[in-house]
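A.B. asks: Chain residues, written in single-letter form:
2 protein chains.
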Amino acid sequence: MQDTLNIFKIGGGIIDDADQLSQFLAELARVPGRKILVHGGGKGANQMLTELGIAPQMVNGRRITDAATLDIVTMFYAGKTNKQIVAGLQAAGVNALGLSGADGNVIQATKRPVKDIDYGFVGDLTERSVNAQLLDQLLRAGLTPVLCAITHDGRGQLLNTNADTIASTVARALAALYRVELHFCFEKDGVLTDINDDNSVVPQITPERYADMKAAGQIAAGMLPKLDNAFAALEAGVEKVVIENALKINEPVKTILCRS
Amino acid sequence: MQDTLNIFKIGGGIIDDADQLSQFLAELARVPGRKILVHGGGKGANQMLTELGIAPQMVNGRRITDAATLDIVTMFYAGKTNKQIVAGLQAAGVNALGLSGADGNVIQATKRPVKDIDYGFVGDLTERSVNAQLLDQLLRAGLTPVLCAITHDGRGQLLNTNADTIASTVARALAALYRVELHFCFEKDGVLTDINDDNSVVPQITPERYADMKAAGQIAAGMLPKLDNAFAALEAGVEKVVIENALKINEPVKTILCRS
Chain A
1 MQDTLNIFKI
11 GGGIIDDADQ
21 LSQFLAELAR
31 VPGRKILVHG
41 GGKGANQMLT
51 ELGIAPQMVN
61 GRRITDAATL
71 DIVTMFYAGK
81 TNKQIVAGLQ
91 AAGVNALGLS
101 GADGNVIQAT
111 KRPVKDIDYG
121 FVGDLTERSV
131 NAQLLDQLLR
141 AGLTPVLCAI
151 THDGRGQLLN
161 TNADTIASTV
171 ARALAALYRV
181 ELHFCFEKDG
191 VLTDINDDNS
201 VVPQITPERY
211 ADMKAAGQIA
221 AGMLPKLDNA
231 FAALEAGVEK
241 VVIENALKIN
251 EPVKTILCRS
Chain B
1 MQDTLNIFKI
11 GGGIIDDADQ
21 LSQFLAELAR
31 VPGRKILVHG
41 GGKGANQMLT
51 ELGIAPQMVN
61 GRRITDAATL
71 DIVTMFYAGK
81 TNKQIVAGLQ
91 AAGVNALGLS
101 GADGNVIQAT
111 KRPVKDIDYG
121 FVGDLTERSV
131 NAQLLDQLLR
141 AGLTPVLCAI
151 THDGRGQLLN
161 TNADTIASTV
171 ARALAALYRV
181 ELHFCFEKDG
191 VLTDINDDNS
201 VVPQITPERY
211 ADMKAAGQIA
221 AGMLPKLDNA
231 FAALEAGVEK
241 VVIENALKIN
251 EPVKTILCRS
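These protein sequence lines map, in sequence, to chains A and B. Per our numbering, residue 1 is the first one in the first sequence, and the count goes up by one each step. Per our numbering, residue 1 is the first one in the second sequence, and the count goes up by one each step.
Among these hints, one or two may not hold up.
Note that identical chains are pooled: a pair holds if it fits in a single copy or bridges any two copies.
[As the list claims (entries may be wrong)] In silico SDA-like links for lysine to any residue, alpha-carbon gap of 20 Å or less:
(1) 111 with 91
(2) 111 with 92
(3) 43 with 16
(4) 43 with 70
Hints are computed from structural coordinates only; laboratory data are not their basis.
With the rest of the complex left out, here is chain A (with noise of 0.2 Å):
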């Protein structure tokens, strides 16, 4: 039987809050077995554009990276948060290694081409774009990867990329080596059928419950890109898809995502 492998991914919320953050990381350390965290930025990168007076660059409500933006977060995501998260979870007892996708090559990605928009050093993803052999070498170690939202090109550029997508690309890619088990963490207990109830979680979906709660619009529009991400995770391999509070991961309450 293959060993399992937990892959969690944390958003910015989490990691604005340095309290939270060393109660995440000290839940983390209890979790046994390999696992892999990926994490996403805060709110620091977007403060600091604002004190250097690098105005943000938006279309249609998305922000495009462009080289002065893309140096900052960089410098957020790969030095201080990614190094913060990894210098803690030495401190729990956890033989954390911090990577961004240039390191080791182990996440390539393409430049977004430009079509009606240029979203600029912006980097996507395909099926091969994870180095899966060093992280299984890395996680043989005893390692712990921890992965920011920077990505390379193989040329030289570095590019900015969603964190949710390196999480669920690396999980389908380590999904031919592990019983992956991938788990998207935040601040609620899990996806709720009110999202003024905390207490509505759904403890399991399937895909054909998701068909249903979507056509009843029980699902909240920014949990949907989310959802289609975790369905198409599970039907690419994956065992089990998680989304869970980011400070409950080792308790019961969740919403378990499974194939049938």
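Starting from the structure of chain A, add chain B where the hints point.
C.D. replies: For chain B alone, coordinates are given in the frame of chain A:
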């Protein structure tokens, strides 16, 4: 016979010049066999501190690393500079992997004790600071570790650490496993007997010759700690220390320090 391991250290001058940096990385890619790169920081961190209105804290001409300064140098050294170097090496065909000391606990430092001066978040190294086993594993996996000048204390605190010290401490730690050649690269062709004459490179310096040159006042003040450091590394088992021009590492002009 032991394999040869070349350890290169580059400083701020070359990091601040994008063209020179890419020239150096192309030369580094031509060096055969196993290698490690250690890099300092450039002027970028200081510029950003100024832009953000964080006044440099200096005591007796030495910078104090307060919390705000540590954040910025971590962002620059471990984020921007480290990832640009790694992406550049990947483009040149070198499978580079960037590391701070916290990553894989590769360099654990001790916060400098407060005596007359509190240097703040500055890390000192000892013989046992380096995780030689992990560096060896990465080298055997065909990777080229790229170390920045940020370490940690193992209890969650990142620390700013001198890059020359990191290079020589890593060289000493790996001397048990490899025939180590330690290269200090800078903007001159080697140790000069006449600082105003770039052609006065001394090809070879033994400890005896070094003592003579010091007595005769032939060593520039800025070069003294570097050379003291270098001879200490030789005594501790490093095979060869080379002082050379970062843009001429594959040319014969250089100063070789040797035990006898």
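A.B. asks: Give a verdict on every hint.
C.D. replies: Against the structure, the hints:
1. In this homomeric assembly, residue 111 and residue 91 come within 20 Å of each other (Cα to Cα) only across copies, at 15 Å, whereas the closest approach inside a single copy is 36 Å.
2. Proximity of residue 111 to residue 92 under the C-alpha cut-off of 20 Å is restricted to the inter-copy arrangement: shortest distance 19 Å between copies versus 36 Å within a copy.
3. In this homomeric assembly, residue 43 and residue 16 come within 20 Å of each other (Cα to Cα) only inside a single copy, at 7 Å, whereas the closest approach across copies is 28 Å.
4. Taking the shortest Cα distances, residue 43 and residue 70 sit within 20 Å of each other both inside one copy (15 Å) and across copies (19 Å).
Taken one by one, the earlier hints all hold for this structure without exception.
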